[in-house]
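Here are the chains, one letter per residue:
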Amino acid sequence: MHRIAVVGGGTGGTVLANRLAKELRSEIDAGEVEVRLITDDPDHVYKPTFLYVPFGKKTVDDAKRPIADLLDRRVTLEIDEVAGVDTEAKKLQFADGSLLAYDQLVLATGATLEPEAVPGLAEGGHHFYGPDGAERLRDALAEFTEGHLVLSVVGVPHMCPAAPVEFVLMADAWLRERGLREDVELTYTYPINRAHGLESIADWATDLFEERDINLETFFNVESVDPDAELIETVEGRELDYDLLVAIPPHAGSDFVVDAGLGEDGWVDVDRNTLEATNAEDVYAIGDVADVPTSKAGSVAHYEAGVVADRIASRARGLPPTATFDGKTVCFLEAGMDEATFVEFSYGEEPYVREPSKPLHWAKLGYNESYWLTARGLL
Amino acid sequence: MTEPQLDTDVTIDSRGASCPGPLMDLIGKVKTLDPGAVVELQTSTRNSTTDVPEWLDEAGHELLEIEEHDDYWSIYLEVS
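As you go down the protein sequences, you meet chains P and B in turn. Okay, so the first sequence: first residue is 1 according to the numbering used here, each after it adds one. Okay, so the second sequence: first residue is 380 according to the numbering used here, each after it adds one.
Calculated from the structure, these hints are not laboratory results. Any given hint might turn out to be false.
Unchecked claim - Over 12 Å on every C-beta distance to chain B, these chain P residues come out as not near it, computed from the model:
(1) Ala30
(2) Phe94
(3) Asp183
(4) Tyr347
Unchecked claim - Label pairs and their computed distance ranges (CB to CB):
(5) P:His148 - B:Gly415: 30 to 38 Å
(6) B:Lys410 - P:Asp43: 30 to 38 Å
(7) B:Leu442 - P:Pro119: 24 to 32 Å
To be verified - Partial selection, computed: residues in chain B whose CB lies under 10 Å from chain P:
(8) Gly395
(9) Ser397
(10) Cys398
(11) Pro399
(12) Leu402
(13) Met403
(14) Gly407
(15) Val409
(16) Lys410
(17) Thr429
(18) Asp430
(19) Glu433
(20) Trp434
(21) Glu437
Beta carbons are placed, not taken as given, at the ideal position from N, Cα and C, and that holds for glycine.
The shape of chain B in the complex, shown without the other chains (with noise of 0.2 Å):
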């Protein structure tokens, strides 16, 4: 598995929790934080691979990549 090639501002670890806590972490976050920001959510649930795009397409934040790990997946994002 290869290291993301982004810089980000903020990680969020969200692994473990069910589905919907990703996503609500994301939000949550993404509230408080400035536009150009990159963003690492980490989930364990493979929902928030379908849920996560689709929220951020919804609020106008760009999805930038879906890195899958073992037993988790990255997703990056950078706040509009």
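Isolated chain P, as found in the complex (with noise of 0.2 Å):
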């Protein structure tokens, strides 16, 4: 029995499992291989439709359905937390000791929220990067009538580097509909010398913010947050005020990964093409946790995970796997609440951003909508 074990049951995770079990259906209906995913949370989180929520537009339960319904039944569900790898032994542990063996691991165990990171960002920051803070800031701004509201990329990288430029640019045509835009002030702020890391979407998105009297700061790294006197404080010793502030908060790794020596800083060091860790044998990262030199979008761990498929399903077979990452990422963006714009690129590429349209942002809708193919591996 040749063991594959998939941790993680984000986009990638979930993709994977049903890409192998469809390439290896022979080989498992035949009992020669198991496909066995393990998550800790039994609905799987379509994440992109938080920035939709704080609009009222989708709901936080819009964005989750039952893993094991979108699992091909070839695969092995386990709802248990893996609490480390032994890379050497090529065993997992979970949480209550017990140990599981495997011939091939894919880590897919995502990013997570620090925002107690940074002083003061819990207590005076908003997010939209789960369903608490989502719904959280849905009901700030359904209160939020006039005032500054400051969009801040604290954290990068982060999961969706468009969500940021995204959600401001919605916030403004949001408040426009309603006939507040007058009354309120944006601004956006980013931590390097331009608006987003990829130049043609930062030049992009400065045109728009101009246009849309968006205030822009570059160069902001936030130091801590006084939620009292409302006000941000950077490493360059600039500050801030703010009377609604939503935050993009630092994010982290895992510390199993740290703990299993495959990552320093909790992300997995992986070779960017095989997406096979660098510091040990059979094993495989995918989606976030994955440190590859590209965005941390759903699209990314969506093509790795079609890529280790065809990787281990050829290891599993005996044969030398070929398939690899050529750093394929593709975006929607949202350019206000009634158009979008749409890029892809791959390694060492820079995007090509297209003339925001109702089209594409029916587009975008379209696809949210028909994400859940994509979860079960059929698109």
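Take the two lone chains, each set in its own frame, and fit them into one complex as the hints suggest.
Here it is in structure tokens:
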């Protein structure tokens, strides 16, 4: 029996397990291969939905479905928490101390939010990167009729690099629709010397911000937030007042990645093309937890999952793996409440940003609805 | 290539990271250091040789030297 263990039930883990079940169906049916997916959450969550929750366009329930409903019946599902991995003995350790041996392991454990890493941020700031945060922000926005709304990108790298730009453009349009825009000052801050890590997106966003009267602050690295004074202080020695702070919190990888020696900072060190761990045999990482030079985005996890499924299936059959990941990333970007654009790029490429349009906005909404087919490995 | 003549307190190896990774690694580390600490940032991203000095100027830290190696740069700075 060749045992394939996948840890994590997000986009990467789910797509991968379903692809493996399809590619290795004969071997699984014959009892020669086992594909086991281990996740601590019985629900699969489609996080891009949370961007729409603050504006009342989606609910947090729209973002989740039972993972059991999405997995091929050939995948063995285990709801449990992985506490450690011994890559020498090739065993996973669970929170209760029990062990599970594997022949090939894929880590797809994602990223976690760490607002508490910045003093005052958890108390003073809102975010839309999780269900509770998105609902709190929805309530705060509903009551916000005037003042200074600041969108501050505090942590880099973070999930969905497009989302902060999208949020501020959507907020602008949403406030205009409600007749409140003239009473609200909007500011967007970013840690480096432009509005986004990718230059073409930064240039595109900067022009739109100017056109829509959105302030842009760059080289803005938040050191602390004073929730009582409603004040942000930066590493560069600047201060910014706010009435409503929406922040992209710092992100972290997994402690067990550090403990297992797979990556010093919680992200797994991998070969960027094969996605094989640098420090261990027969271990792969995909999605946000993999340290590759592209975005932490669902499309990356999706394409990586296809590559790793091919490589693992080849190994399970005793063949040399040949599939490689070229960094392919695809993102829709909302440019308001009824228009969007679209970018596509690979390692080392600068994306071309198309003129925003209504059809692209509808395409994004359509993709969001059909995402569940992606999770099942069908798209 | 001559060895640098600077005594460094901290070396940040950001080789292989794409822009703006090296700058973000530096910003994250500088926050934890005392004034006077000398840092070497190793980066294989050419943009860092302009972005990092610009940020140092913005944040008030001192650029000491940029040294070019075969496939990466060492940027030396002193925390103010």
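**Study point:** Restraint outcome when Gly395 (chain B) is required to lie within 10 Å of chain P by C-beta distance
**Key:** Interface hint status for Gly395 (chain B): holds (7 Å vs cutoff 10 Å).
Check your understanding: Given Lys410 (chain B) as an interface hint, is the shortest Cβ-Cβ distance to chain P below 10 Å?
Key -> With a minimum Cβ separation of about 6 Å from chain P (threshold 10 Å), the hint on Lys410 (chain B) holds.
Exercise for review: Have a go at the Val409 (chain B) hint: is there a Cβ in chain P nearer than 10 Å to its own Cβ?
Suggested key: Check passed: Cβ of Val409 (chain B) comes within 7 Å of chain P, closer than 10 Å.
Review point. Between His148 (chain P) and Gly415 (chain B), does the C-beta distance stay in 30 to 38 Å?
Key: 37 Å Cβ-Cβ, so the 30 to 38 Å window holds.
Check your understanding: Would the stated hint for Ser397 (chain B) survive a check requiring a Cβ distance to chain P of less than 10 Å?
Key -> holds, 4 Å
Review point. Would the least Cβ to Cβ distance between Ala30 (chain P) and chain B come out above 12 Å?
Key: holds, 42 Å
**Study point:** When the least beta-carbon distance from Cys398 (chain B) to chain P is tested against 10 Å, hint result
**Key:** holds, 7 Å
Practice item. Go through the hint on Met403 (chain B) and say holds or violated, using the shortest Cβ distance to chain P against 10 Å. Key: holds, 5 Å
Review point. Taking the closest Cβ pair, is Gly407 (chain B) under 10 Å from chain P?
Key: holds, 9 Å
Exercise for review: Using Cβ atoms only, decide whether Glu437 (chain B) comes closer than 10 Å to chain P, and label the hint accordingly.
Suggested key: This hint holds: Glu437 (chain B) lies near chain P, its Cβ roughly 5 Å from the closest one there, short of 10 Å.
Exercise for review: Find the nearest Cβ of chain B to the Cβ of Tyr347 (chain P) and say whether that gap is larger than 12 Å.
Suggested key: violated, 8 Å
Practice item. With chain P as the partner, please determine if Thr429 (chain B) meets the hint condition of a C-beta pair closer than 10 Å. Key: This hint holds: Thr429 (chain B) lies near chain P, its Cβ roughly 9 Å from the closest one there, short of 10 Å.
Checked against the numbered hints above, the structure breaks only hint 4 and satisfies the rest.
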